[in-house]
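Novice: Spelled out, the chains give:
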Amino acid sequence: MCKVKEQAQAEYMQQNLRTTPRMRSRTKSISDLAEPAQSSIVQFSTYYIYVCAVLIGLWYDFVDLILQFWFGLSLTMQQLTNVKPLIFLGDPFYWCFDDCRASRLWNCLNNVVSSTPGARIEVVQRKRNADGSVELLDTTRKCLNLGSYNYLGFADDWQNTCRDRVMKSLDEFGVTTAASVVSGGYTSVHKELEESVAAFVGKEAAVCFNMGYGTNQTAIPAFFGKGCLLISDTLNHTSIVNGSRASGATIRVFKHNNVEHLESVLQTAIIEGQPLTHRPWKKILVMVEGVYSMEGEVCELAGIVSMAKKYKAYMYVDEAHSIGALGATGRGICEYAGVDPADVDILMGTFTKSFSGMGGYLASSKEFIDYIRSQSMGTVLAQSMSPVVAQQILTALRIIDGKDGTNLGRQKLQDIRDNSNYFRKELIRMGLQVLGDEDSPVIPVMLYVPTKLSLFHELCMERGLAVVCVGFPAVGLNGSRVRFCISAGHTRKDLEDAIEKLREVADILMLHYNNSALG
Amino acid sequence: MSAASAAEPGAEDLTLSIHVPHFVTSMLAQIPGANEYLKWWINLWRENPVHLLVETTLILLILYILLQRPSKKRSKMETLPAAVAQELLNEYEPEPLCPPLTEGARMVLEDSVLLETKPSKYTKVSGVDKEVLNLTTMDFLGFGQRKEIHKAAEDALNKYGCGSCGPRGFYGSIDVHVFLEKDLANFFGTDDCIVYSDADSTATSAIPAFSNRSDLLVVDEAVNDAIITGVNLSRSRVLFFKHNDMEDLARVLQKVEEEDRRLKRKPQRRFIVVEGLYRNYGDVCPLDEVVGLKNKYRWRLFLDESHSIGVFGASGKGVAEHFGIEMSEIDLFVSSLSTTFASVGGFCVGSREVVEHQRLSGAGYCFSASSPPFVSTVASQAIKLLTSEARSKLAPAVKKNAQTFHAAVRKLADGDLVTVSNPSSALAHVRLAPKYQLAEDPADYDEATRCAEEKTLRAITKKMREEGVLATVANYIILPDTVKQVVGSNKRPPLPPPSIRFAITALHDEDELTRAVQTLVKCTREALKDHPSEAPVTVSTPSITLRKRH
Chain U
459 MCKVKEQAQA EYMQQNLRTT PRMRSRTKSI SDLAEPAQSS IVQFSTYYIY VCAVLIGLWY
519 DFVDLILQFW FGLSLTMQQL TNVKPLIFLG DPFYWCFDDC RASRLWNCLN NVVSSTPGAR
579 IEVVQRKRNA DGSVELLDTT RKCLNLGSYN YLGFADDWQN TCRDRVMKSL DEFGVTTAAS
639 VVSGGYTSVH KELEESVAAF VGKEAAVCFN MGYGTNQTAI PAFFGKGCLL ISDTLNHTSI
699 VNGSRASGAT IRVFKHNNVE HLESVLQTAI IEGQPLTHRP WKKILVMVEG VYSMEGEVCE
759 LAGIVSMAKK YKAYMYVDEA HSIGALGATG RGICEYAGVD PADVDILMGT FTKSFSGMGG
819 YLASSKEFID YIRSQSMGTV LAQSMSPVVA QQILTALRII DGKDGTNLGR QKLQDIRDNS
879 NYFRKELIRM GLQVLGDEDS PVIPVMLYVP TKLSLFHELC MERGLAVVCV GFPAVGLNGS
939 RVRFCISAGH TRKDLEDAIE KLREVADILM LHYNNSALG
Chain G
41 MSAASAAEPG AEDLTLSIHV PHFVTSMLAQ IPGANEYLKW WINLWRENPV HLLVETTLIL
101 LILYILLQRP SKKRSKMETL PAAVAQELLN EYEPEPLCPP LTEGARMVLE DSVLLETKPS
161 KYTKVSGVDK EVLNLTTMDF LGFGQRKEIH KAAEDALNKY GCGSCGPRGF YGSIDVHVFL
221 EKDLANFFGT DDCIVYSDAD STATSAIPAF SNRSDLLVVD EAVNDAIITG VNLSRSRVLF
281 FKHNDMEDLA RVLQKVEEED RRLKRKPQRR FIVVEGLYRN YGDVCPLDEV VGLKNKYRWR
341 LFLDESHSIG VFGASGKGVA EHFGIEMSEI DLFVSSLSTT FASVGGFCVG SREVVEHQRL
401 SGAGYCFSAS SPPFVSTVAS QAIKLLTSEA RSKLAPAVKK NAQTFHAAVR KLADGDLVTV
461 SNPSSALAHV RLAPKYQLAE DPADYDEATR CAEEKTLRAI TKKMREEGVL ATVANYIILP
521 DTVKQVVGSN KRPPLPPPSI RFAITALHDE DELTRAVQTL VKCTREALKD HPSEAPVTVS
581 TPSITLRKRH
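Residue numbers (this note's numbering), protein chains in the order written: chain U, 459 to 977; chain G, 41 to 590.
Bound-form chain U, shown alone:
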């Protein structure tokens, strides 16, 4: 696999001598050495816990049913009066499963923050009532934030960096446009933003949407449909999956980040053509993400782009987590992997993460962007971005690009890289199983056993760390993990403290899966 990767990269380099991108020497990173593997006993206990959770849920439902029958007699009454009962709103099985799972993970999810989502946050304390409802208390706890996507730390220094321009924009344009991009919701701020984004990522034109999730969901159906093929990485985000499903195109998947498998999928697709008719596909699109949000892995873009080129497929890269976080000047995965942006047909990204805003963009050729602007639900019918948010992104972009005349953007990018690599190295040294590549600001650590999620969260909260614990539907059944998101706003002291605290927690919960099978 590695060999194919290197070959593909070399091939790509030969084709692109004119651009001579500065290749990063992709030496084996530390995390490559720590190949995550789950011992069978841990795997068994994981599944065992899920089976128990489901059985307990079913038992509760059964008891409920009996009680209802015994006391309420509602079922028999319905049968007697021959009234068709209203069907339960949820899927009963998932409902009981959700109930069981979510009630056990209630403290990890939907935590409420009462401050700006910077490096330090105030987390509102909560209490769970007997009936399962969660109540907010008046007290808060000050925590180090290892959970928000505040990659470049704009939430921390917002008052000094972005405030003035954003407030001016609020005065000039108001909070909302209350109209769509093509019917009167397009202001001069939007125009400036689109031009700046296009210039920043190195494309002819760009178009912005109000919602990052909606960008994928509404843009893909606009240009792909029946008779087209979407080849998607197995770990792509739900927005891509839903956008693909809404388009009506055929969807195939290739193994995560596996260039070799992508090639075989492409070959099979082209040779066999469409199912039933065996006509050639109208067009093929390969869809990948720059940095995978739950794995922290960086995409093998060079290899994938060369494959797409070889088989005349189009490329779509979702830069949700990589724009403004990867690359020497923050230009995302293309810069990091040394790929010419011209070789990626469509670049998509979101503004929630590095820019501390909201929404998403598509950047491509002028012709394509015009097409999307006139045909996508997100631009024709949905509301356009708030001018205030647009101004926030524009200001952040100027700082990252160094157009504000300071060195702040460069410094932030340097900080996030140093912080991420320091934190990752320390976690690996501790013996934890860390996923992802070097330089990626997303650092997941495997917990495997789902019962550890809630406990890990609680122990960290006690020590003043706000962490994100992710369980089943977001990741696979035996992929329960904790995810750290590092920010440029963290100081080295913050991270050193966090590491010390995490060491204690890891000792209590026995998480050293790299050192021994049982942690």
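Think of the hints as simulated: they come from the structure by calculation, not from any bench. Keep in mind that this is a model prediction, so the values were computed, not measured. Among these hints, one or two may not hold up.
[What the hints assert, rightly or not] Coverage of chain U stretches by chain G, computed from C-beta distances (three or more under 8 Å per stretch; other residues unrestricted):
#1 644-650
#2 671-677
#3 770-778
#4 781-793
#5 825-831
#6 865-871
For glycine and all other residues, C-beta sits at the position ideal for the given N, C-alpha and C.
Position chain G relative to chain U; hints supplied.
Specialist: For chain G alone, coordinates are given in the frame of chain U:
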């Protein structure tokens, strides 16, 4: 069978008197422990021969299946010679990434305006020298211009910064999001509320959360695109009924009930999907009748009130309140924060179960970043304004304005224009009069006729802009057809007919609206000079007829 038959001859040597070849026993003797194994087999055979046979067959079956599987999946690719495969690969030529822009799409782009100032009552549009009267912004009660709203946004920005930097589940829930949910639930008098960060993704997420492959949706033909996308994503069976035609709805429900009886169907979740005020037509759904039918046939109701909030109902709760319908009758109540509430996003109010289920399975809630905190503060402030002022001042004002506008169109247009929307609706769709329409029914429009009619409408709005009134032609897109085809169901719904869309707000006064209609009529008369008198002939593609073979 081989294992069992190998055991049998060995067994005979010890117990049964069947002849065994000598080389078998000698070979077995060389393997250590083979004799004990043989004895074990013999005992099994003696005790329960049927059991042994059944188990052996099962094991063989599993082996057979395991061995068969790879050979079944042999693809065409593997059987092809390499040279042929290479040729096929070389031959492949993809279509361009996007088709060239159609005439209609080009007009959409040319017609879109660039605002240079705040979208308030009078605004500055690029390309026009003087300020224009704004009739496009759907801020029906004019909250966007209020000092209170501005102050709320400014305070929240100062406290929280701009972005929320995360999804609701993972530290993206700022306390103001929770406050807004409480405010909305209190306003509508429901248990709970869930806030999404985009208006359109609310319906797109809420429908698939409650309806999947095994369920059934009955949908009004004219619902907006967000709902259609949600319906598509749910992969449910879909039946459409004619727009606002209650007899047709009753017919569809009756048909389903008959089918149920015939096919003895398992229970499934069933929703009637309607909008309170239809975005694409501006007319009101006869909700009392829908609720009657829903209760008669025991269905559930999905209601989208994005464009009626704040305008209809005594306290601005929308069409449901207007008809005096209890919130408990509506299972899924979805609305937008981006119209009357002058904010960004959407929400769904309902019982605690409905909301909690969406928190776990509403895709737009779980997988998207939450909206910026200042946006939620603004919406909370708007609710405060709505409860304190709407009943007394704003809702009557906007209703009166809408009625003024509709009456003016009827009076002044002199048979050139007609409105298709409800006279009290703040969202008005104005069409050319039937004598100028190029097709009779929305379904009869093809690309050429639609384009020709839209061209005239766009000429009208362009002239109006120059005269100082801003309105837009309603834009639509053709959604990909992924709705599962059902036997006996109607076709996919047609696009709404071309129209000019006006958003009337509480800020306008009678003079302004009359002036706007006068301008509209004047521009229409001018533009109609170039209007084609009859539908342009479209070159139809030759249809393929299959010859019957005897």
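Novice: Each of the hints needs a verdict: does it hold here or not?
Specialist: Cross-check of the supplied hints:
Given a C-beta distance limit of less than 8 Å, the hint that chain G covers the region 644-650 of chain U holds, as 4 residues qualify and 3 suffice. Coverage of a stretch by a chain is defined here by at least three residues with a beta carbon nearer than 8 Å to that chain's beta carbons; for the region 671-677 of chain U and chain G the count is 4, and the condition holds. With 3 residues carrying a beta carbon less than 8 Å from a beta carbon of chain G, the region 770-778 of chain U meets the three-residue requirement, and the given coverage holds. Remark: the region 781-793 of chain U is not confirmed as covered by chain G, as 0 of its residues place a Cβ nearer than 8 Å to a Cβ of that chain, below the required three.
With a threshold of 8 Å between beta carbons, the proposed coverage of the region 825-831 of chain U by chain G holds, since 6 of its residues qualify and at least three are required. Under a criterion of three residues with beta carbons nearer than 8 Å to beta carbons of chain G, the stated coverage of the region 865-871 of chain U fails, only 0 such residues being counted.
Of the numbered hints stated above, those contradicted by the structure are hints 4, 6, listed in ascending order.
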